[in-house]
Each structure stands twice: as structure tokens, then as C-alpha cells.
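K.L.:
As given, the protein sequences belong to chains A and B, one line each in that order. End of the first sequence = 362 in this note's numbering, gap-free, step of one. End of the second sequence = 103 in this note's numbering, gap-free, step of one.
Don't read these hints as lab results, they were simulated from the structure. It is possible that some hints are incorrect.
[Claimed, not checked] Derived list of chain A stretches under chain B, where covered just means 3 residues or more per stretch with a C-beta under 8 Å from a C-beta of chain B: (1) 298 to 306; (2) 314 to 323.
[Unchecked claim] Derived DEER-like restraints, expressed as beta-carbon distance ranges: (3) A:LYS356 - B:ARG102: 19 to 29 Å; (4) B:THR20 - A:SER285: 16 to 26 Å; (5) B:VAL29 - A:ASP283: 35 to 45 Å; (6) B:ASP100 - A:TRP248: 37 to 47 Å; (7) B:THR20 - A:VAL249: 11 to 21 Å; (8) B:THR20 - A:ALA261: 22 to 32 Å; (9) A:LYS361 - B:GLU45: 21 to 31 Å; (10) B:VAL6 - A:GLU257: 33 to 43 Å; (11) A:ALA341 - B:GLU22: 35 to 45 Å; (12) B:GLU45 - A:LYS286: 38 to 48 Å; (13) A:GLY272 - B:ALA61: 35 to 45 Å.
Source: prediction; values computed, not measured. Where is the CB? At the ideal position from N, CA and C, for every residue including glycine.
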Amino acid sequence: MVQISGSSERNAFSRWLRTGKVPSARGPDGLELKFNPWHDPADGRFTFAGAGRREGSSEAHAPSARNDRAPSAGNRDTSRTSTPPKAEVPRARPLAGNDRKSVERRSAKAQSTRIPGLRPDDQPNPVAEFVGGVGQGLYDVGEETVAGVRAALTTNPVTTVRDAGRGIASMIDTAIAAEDTPARVQISCAADAATNASARDIGRATGSVAGNVALAVAPGAALSKVSALRSLRIARPRTTYDPPQIGWVKETLKPDEPWTAYNDSATGARPGQAPTLMRTMPDGSKRPVKFDGRQGEYVIDRKWGVRDAPHARAQLLRQSQVLAQHRLIGTWEVPTPVQRAKAVKLLKKMKVTNIKVRVIKP
Amino acid sequence: MIAIPVARIIARFVVFADLTGEDLLDPDVAVEMMEVLGAQLEALEKGFLRELVDAFAVIAAEYSGEAQEVVRNIAHSFYLEEALAADDPVRLAELEALRDARD
């Protein structure tokens with residue numbers, strides 16, 4: 001326990017009023033010193049605020065909402081917006097969820113150490129304590145939410161709208177996901193400690209649960225929409241590629257034959273010419289691969305007949321490879337369903353998936 | 001038997017298209033010409049096409065190595081048996097099963 005003079009207390013309090021911060025008290029060895037006025041008269045050990053007896057320069061004080069929120073001159077880590085001072089002994093078991101400020105901190109164990117023979121004037125007003133506890137629980141929930149939103153908006157290095165929304169969504173999702181567990185744990189703990197918990201503890205638990213439920217349920221629709229922004233995390237900017245360079249070569253087929261007319265009538269075709277895509281070979285050299293037309297991202301190859309031979313299979317693989325290199329899709333256009341069936345079977349056999357087949361009658 | 005000399009002409013043409021290197025003959029052009037040839041063979045009269053298919057098996061012995069394999073497989077690679085059995089679903093199913101088994 002640290003004894004501080006009245007002047008130091010006034011200076012510290014004045015500084016807290018102006019800055020919201022209280023400088024830490026340091027011992028000769030540099031260790032931070034803290035003050036906890038609450039003790040268990042039975043064994044002299046520290047207790048949580050509101051449990052046991054408060055010791056100080058004056059008479060023992062009954063716990064109240066005010067002294068729970070206001071800083072003590074000896075409590076060096078307390079700010080105006082901080083939560084009630086943390087007890088050092090006994091240390092409360094941490095909660096399974098995120099709500100570290102729940103009623104468990106003033107657990108049933110701690111409450112059980114309360115001395116039954118405490119003087120009546122040391123006991124707080126149960127109604128006032130319950131109301132204060134409700135307010136404190138709601139305050140805690142709101143404080144965490146606002147702090148989370150503020151942190152998401154101010155601490156992200158990239159302050160784009162998307163990132164801000166992502167941070168908010170993440171925080172809100174965490175709050176919603178954690179809502180069930182803290183509520184369940186709090187209710188369970190409150191039930192276990194009901195006989196020993198003070199009215200303030202019960203009120204605080206009620207407020208915390210109500211706050212979490214209100215946060216998750218009341219604005220649920222809006223929150224779910226904001227939450228959907230989290231999907232942007234996996235969205236990556238689409239890479240843009242240069243359009244494929246289509247070359248044209250002269251075709252040698254006799255122009256008045258039906259298969260020549262069929263090939264020349266492909267979408268995007270030029271009579272007597274064939275569009276080509278340049279295939280990059282493993283050694284870096286480039287060789288053209290011929291097609292018959294092009295429609296958007298689909299490169300068309302018209303086939304009067306399908307052949308299942310080594311050269312035809314090699315052509316199929318060449319086309320598939322050059323299409324993959326240019327990020328295009330191929331289309332074989334054949335004149336009859338019989339030819340289509342042959343083509344589909346051949347593509348399946350060669351495990352080519354970036355070439356489709358359709359029937360285009362001559 | 002006119003089918004034998006015709007089969008030899010076709011076989012020589014197919015061997016040239018299938019076995020000539022890419023440096024001498026554009027492979028896409030070769031495939032396209034073979035596709036046209038296949039369509040023309042399928043359009044032949046069925047009786048003559050039957051004789052041609054049988055002739056390819058005969059003249060394959062005149063070739064050796066990879067060329068012999070090419071000639072022997074002309075009917076298979078051009079789906080000529082399927083063209084002959086176009087009106088026979090049972091035969092078509094049988095040919096499909098044989099093709100799948102071969103692959």
C-alpha cells in the first residue's frame with residue numbers, strides 16, 4: 001500500500017482532471033506501485049472493489065457507483081474512462097469470451113469472502129447498486145463497441161473506405177460471434193454466484209447481457225450488411241491482361257470447296273486468311289497456331305471433320321496450350337452432331353477443358 | 001480392284017501429312033487437309049468405302065515402321081467403320097466399345 005500525502009493526491013487528481021491520465025507511482029527500484037483500499041478483514045488479503053472492507057486514511061467506506069467510476073488518488077492507472085480498478089488478489093479467473101469486465105471478475109469466490117458480520121452502515125443500497133450495475137454493464141458494452149469502431153477507423157494504415165468497412169465489419173462480427181458465449185457464461189456465473197453476488201454485480205451482468213443482445217439483435221439487418229464487407233478480404237483486384245495479338249496467315253485451301261466456305265464463314269474470319277495465336281515454346285521461341293475465327297474471348301476453329309490421329313491430337317494440345325497462354329477459350333464448330341460427338345470424346349480423352357464444341361450447320 | 005490403287009494414293013498422302021516434320025509442313029494445315037480428306041472419304045459410296053477400308057489393311061504391309069502404323073490406322077483415325085455403320089446402332093455401339101477399349 002502506498003501512502004501519499006494530501007498535496008500529492010491533490011496534484012494527481014488535478015492532473016487527472018486535466019489530462020485524464022495519472023502518472024504512475026514508482027518505487028525506488030523503479031517498480032510501479034499501486035493502491036487497493038479493499039481488504040478482507042478476516043485474513044487481510046486484497047479483495048475486489050466492493051468486497052470486504054475499504055481501508056484508507058479515513059473510516060471504512062461502503063462501495064458505491066461513484067467510487068467505482070471515480071479514480072482513486074492511489075490508483076495510478078485509472079483514467080476517467082477506465083473501468084473499475086482491478087483487484088490484485090485474489091485474481092479472477094479469465095472469461096472464456098471477450099468480456100473481461102463481466103461479473104466474473106467479481107466472482108462468486110470473491111463474494112463468498114464477504115464477512116457476514118459487516119456493519120450495516122458499510123452495506124450499499126441494493127437497489128442503487130443494481131441500477132448502477134446495469135448502467136455499468138451497458139457502458140462497458142458500448143465502450144468496447146465504440147472503441148473498436150474508432151480503432152478500426154483511425155488505426156488502419158490504409159484508410160480507404162473498403163478497409164475501414166472491413167475493420168468495422170470484423171469488429172462487429174467479433175462482437176456478434178462473442179455475444180452468445182459471454183452471455184451464457186455470464187448468466188451461468190451469475191446463477192452460481194446469485195446467493196453471494198451483490199446487487200451491483202447482478203445489475204452489471206444484466207446490463208452487459210442486455211447490451212450484447214441489443215447490439216446483436218436490434219440492428220441485425222444493418223450489421224449483417226456491413227459484415228458482408230468482410231468478403232472483400234478474399235476479393236483480389238482483377239488482373240488485366242493485354243488483348244491477345246491475333247495474326248493472320250494466308251490459307252491454301254481451294255476457295256470454292258464446301259469445307260473452305262465453312263471455315264471462312266466462322267465469326268471474325270477473313271476469306272482466304274486464318275487468324276493465329278502465337279504459342280510460346282519451352283525454349284522461348286514462338287510459333288503460330290491457326291484458328292478460323294474469333295468472337296470475344298472465344299477463338300473459333302471450324303472442323304469439317306474430326307480425326308483421331310497423332311497429328312490431330314497434337315494440334316488439340318497445341319490449341320489448348322496457346323489458349324491457356326493467352327487466357328482465352330476455344331470453340332470447335334462442327335457441321336453435324338455426329339462430328340460433335342467425336343470431338344467431345346476426343347477432348348475428354350485428351351483431358352482438354354478449355355475448348356468447347358458446338359454444332360454450326362453449313 | 002480399283003480400290004487398291006486408290007488406297008495407295010490415299011495412304012501416300014496420309015503418310016506425308018502425318019509424318020512430315022513441322023519445319024517442312026505446317027501442322028495445322030496438315031490436320032486441316034486430313035479433316036477434309038476424312039470428310040470426303042465418309043462421303044464415298046458405302047460399297048466402295050468398304051473396299052477401301054479393306055484395302056488399307058492390305059497395302060499397310062507395303063510400308064514399314066511408323067508409316068505402316070499410320071496406314072493400318074487410316075480407317076480407325078478417320079472413323080470410316082463408323083461411317084459404314086451409320087445406320088446400325090448396334091454396330092455403332094460395338095465400334096464405340098472397341099474404340100474405348102483400344103484407348
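K.L.:
Take the C-beta atom of THR20 of chain B and the C-beta atom of VAL249 of chain A, compute their distance, and say whether it sits inside 11 to 21 Å.
P.N.:
holds (18 Å)
K.L.:
At the C-beta level, are ALA341 of chain A and GLU22 of chain B separated by a distance inside 35 to 45 Å?
P.N.:
Violated - the Cβ-Cβ distance for ALA341 of chain A and GLU22 of chain B, about 29 Å, lies outside 35 to 45 Å.
K.L.:
Between GLU45 of chain B and LYS286 of chain A, does the beta-carbon spacing fit 38 to 48 Å?
P.N.:
The hint (38 to 48 Å, Cβ to Cβ) holds, given that GLU45 of chain B and LYS286 of chain A are roughly 45 Å apart.
K.L.:
Can you let me know if the beta-carbon spacing of LYS361 of chain A and GLU45 of chain B is within 21 to 31 Å?
P.N.:
Between LYS361 of chain A and GLU45 of chain B, where Cβ atoms are some 24 Å apart, the hint holds.
K.L.:
Given the range 22 to 32 Å, decide if the beta-carbon distance of THR20 of chain B to ALA261 of chain A lies inside it.
P.N.:
Given range 22 to 32 Å: holds, Cβ gap about 27 Å.
K.L.:
How does the stretch 314 to 323 of chain A fare against chain B when you require at least three residues with a CB closer than 8 Å, holds or violated?
P.N.:
holds (count 3)
K.L.:
With respect to the beta-carbon atoms only, verify the hint that LYS356 of chain A and ARG102 of chain B lie 19 to 29 Å apart.
P.N.:
holds (26 Å)
K.L.:
Kindly confirm whether 35 to 45 Å is satisfied by the beta carbon distance between VAL29 of chain B and ASP283 of chain A.
P.N.:
Because 23 Å falls outside the window, the suggested range is violated.
K.L.:
State, for the Cβ atoms of VAL6 of chain B and GLU257 of chain A, whether the hinted interval 33 to 43 Å holds or is violated.
P.N.:
violated (20 Å)
K.L.:
How does the Cβ-Cβ distance of THR20 of chain B and SER285 of chain A compare with 16 to 26 Å: does it lie in that range?
P.N.:
Holds, since THR20 of chain B and SER285 of chain A (Cβ atoms, about 20 Å apart) stay within the stated range.
K.L.:
Do the Cβ positions of ASP100 of chain B and TRP248 of chain A conform to the proposed distance bound of 37 to 47 Å?
P.N.:
Since the Cβ atoms of ASP100 of chain B and TRP248 of chain A sit about 39 Å apart, the hinted range of 37 to 47 Å holds.
K.L.:
Report holds or violated for chain B covering the stretch 298 to 306 of chain A, Cβ cut-off 8 Å, minimum 3 residues.
P.N.:
Since 4 is at least three, the answer is holds.
Hints 5, 10, 11 from the list above are not met by this structure, while the remaining hints are.
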